[in-house]
Amino acid sequence: MQNLHIEKTKYTMEVAFNKDTGILEMSGSSYPENALDFFGPIIEWIKDYISQVKKQVILNLKINYLNTSSTKCILDIFEILEHYHQGEGPVTINWYYAEDDEDIKETGEELGEDIDLPIVFISY
Amino acid sequence: MPELELLEYYKKMCERNIVLDFQGAISQEMLVGMAELIKHKFSQELGRVGTVKKIFSVFIEMAQNIAHYSAERVHLDNHDHDIGAGIIVVTEENRKFVITSGNLVRNSAIRDVTAHCDNINGMDQHKLKQFYKKQIKASREEGKKGASIGLIDIARKTGNPIRYKVTPIDELNSFLVLSVKIQEEKHHAKPSY
Numbered sequence: 001m002q003n004l005h006i007e008k009t010k011y012t013m014e015v016a017f018n019k020d021t022g023i024l025e026m027s028g029s030s031y032p033e034n035a036l037d038f039f040g041p042i043i044e045w046i047k048d049y050i051s052q053v054k055k056q057v058i059l060n061l062k063i064n065y066l067n068t069s070s071t072k073c074i075l076d077i078f079e080i081l082e083h084y085h086q087g088e089g090p091v092t093i094n095w096y097y098a099e100d101d102e103d104i105k106e107t108g109e110e111l112g113e114d115i116d117l118p119i120v121f122i123s124y
Numbered sequence: 125m126p127e128l129e130l131l132e133y134y135k136k137m138c139e140r141n142i143v144l145d146f147q148g149a150i151s152q153e154m155l156v157g158m159a160e161l162i163k164h165k166f167s168q169e170l171g172r173v174g175t176v177k178k179i180f181s182v183f184i185e186m187a188q189n190i191a192h193y194s195a196e197r198v199h200l201d202n203h204d205h206d207i208g209a210g211i212i213v214v215t216e217e218n219r220k221f222v223i224t225s226g227n228l229v230r231n232s233a234i235r236d237v238t239a240h241c242d243n244i245n246g247m248d249q250h251k252l253k254q255f256y257k258k259q260i261k262a263s264r265e266e267g268k269k270g271a272s273i274g275l276i277d278i279a280r281k282t283g284n285p286i287r288y289k290v291t292p293i294d295e296l297n298s299f300l301v302l303s304v305k306i307q308e309e310k311h312h313a314k315p316s317y
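Chains E and W, in that order, are what the protein sequence lines are.
At position 114 of the first sequence (counting the first as 1) the number is 114 in our numbering, and the numbers step up by one without a gap.
Every number in our numbering is 124 more than the matching position in the second sequence, counting from 1.
Be aware that one or more of the hints could be misleading.
To be verified - Which stretches of chain W does chain E cover? Using the computed rule of at least three CB atoms under 8 Å from a CB of chain E, they are: (1) 156 to 164; (2) 168 to 178; (3) 183 to 194; (4) 255 to 261.
If you're looking for bench data, these hints aren't it; they were derived computationally from the structure.
Source: prediction; values computed, not measured.
Even for Gly, the Cβ is constructed at its ideal location relative to N, Cα and C.
Just chain E, same shape as in the assembly (with noise of 0.2 Å):
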């Protein structure tokens, strides 16, 4: 499999998805008209990563804003990886925000909370 990189645009965020470090990079704010349809990659690149390299999952979000539509995706997101977590894959998160936002850093709090994974909240 290859490694994922989409650029970013002012509606989506860039993703740096690594085979073969396991790190999973994506940051910028993100309300695309269709959230499927961008999100659809994605979560396909990483069921394949989970049932092909078998490796560690460091996810580091580093989210402006997130529509609701988009807020569902990562919540499909974590729920894969949970269920990784659970099973083979040491998974972790990392859940950056800006000093002052407020707002994202509850978003990803609310995500966590019904999910059984390790989220770290950093500040920058």
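Mind docking chain W on chain E? Use the hints.
Then chain W, alone, in the frame of chain E:
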């Protein structure tokens, strides 16, 4: 309106403190342009990141509601699918902001929307949070592009009710107006529990 009477129209918009007014098909390009404008304009005027982000996010959810669900569909040549049309207006008075949207909705669907608003408006922040979590986990309904949680998110972020008005147009459609107030942030409207 006779073409050259634009000054009257301009004056009325100023009197009503309209900072943004758009009518037509809300394509993604148009949405991004307006969202960026809101971000830059209010970032300069308002110090607090929280208030700017609230206006930004409520605007996006309301605009995307029109784009996805408006019964008035418009075909644009450079798009492979129809785009919802309507009107969206942002007003500002004494640092209180109001975002109002209007669009056609099928008469058969209107009760679902107003019942959803009534339901949301009857909930406190704690109940809204539970409702939001339940809805975000529910699987996507057939034919819906969004996660159908936009209005819950708006009520949570603003701490205000979603006001609505329905005007029947014909046997097929009604015109739905939704309006939400956003106060400048002094404390956080979404407390943690």
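Structure-based check of each hint:
1. Remark: the stretch 156 to 164 of chain W is confirmed as covered by chain E, as 3 of its residues place a Cβ nearer than 8 Å to a Cβ of that chain, reaching the required three.
2. Here the stretch 168 to 178 of chain W counts 4 residues with a CB under 8 Å from a CB of chain E, which clears the bar of 3, and the coverage holds.
3. Coverage of the stretch 183 to 194 of chain W by chain E holds. Counting CB-CB distances below 8 Å, 4 residues qualify, and the rule asks for three or more.
4. Check result for the stretch 255 to 261 of chain W against chain E: holds, 3 residues qualifying (beta carbon to beta carbon below 8 Å, three or more required).
Consistency note: the structure conflicts with none of the earlier hints.
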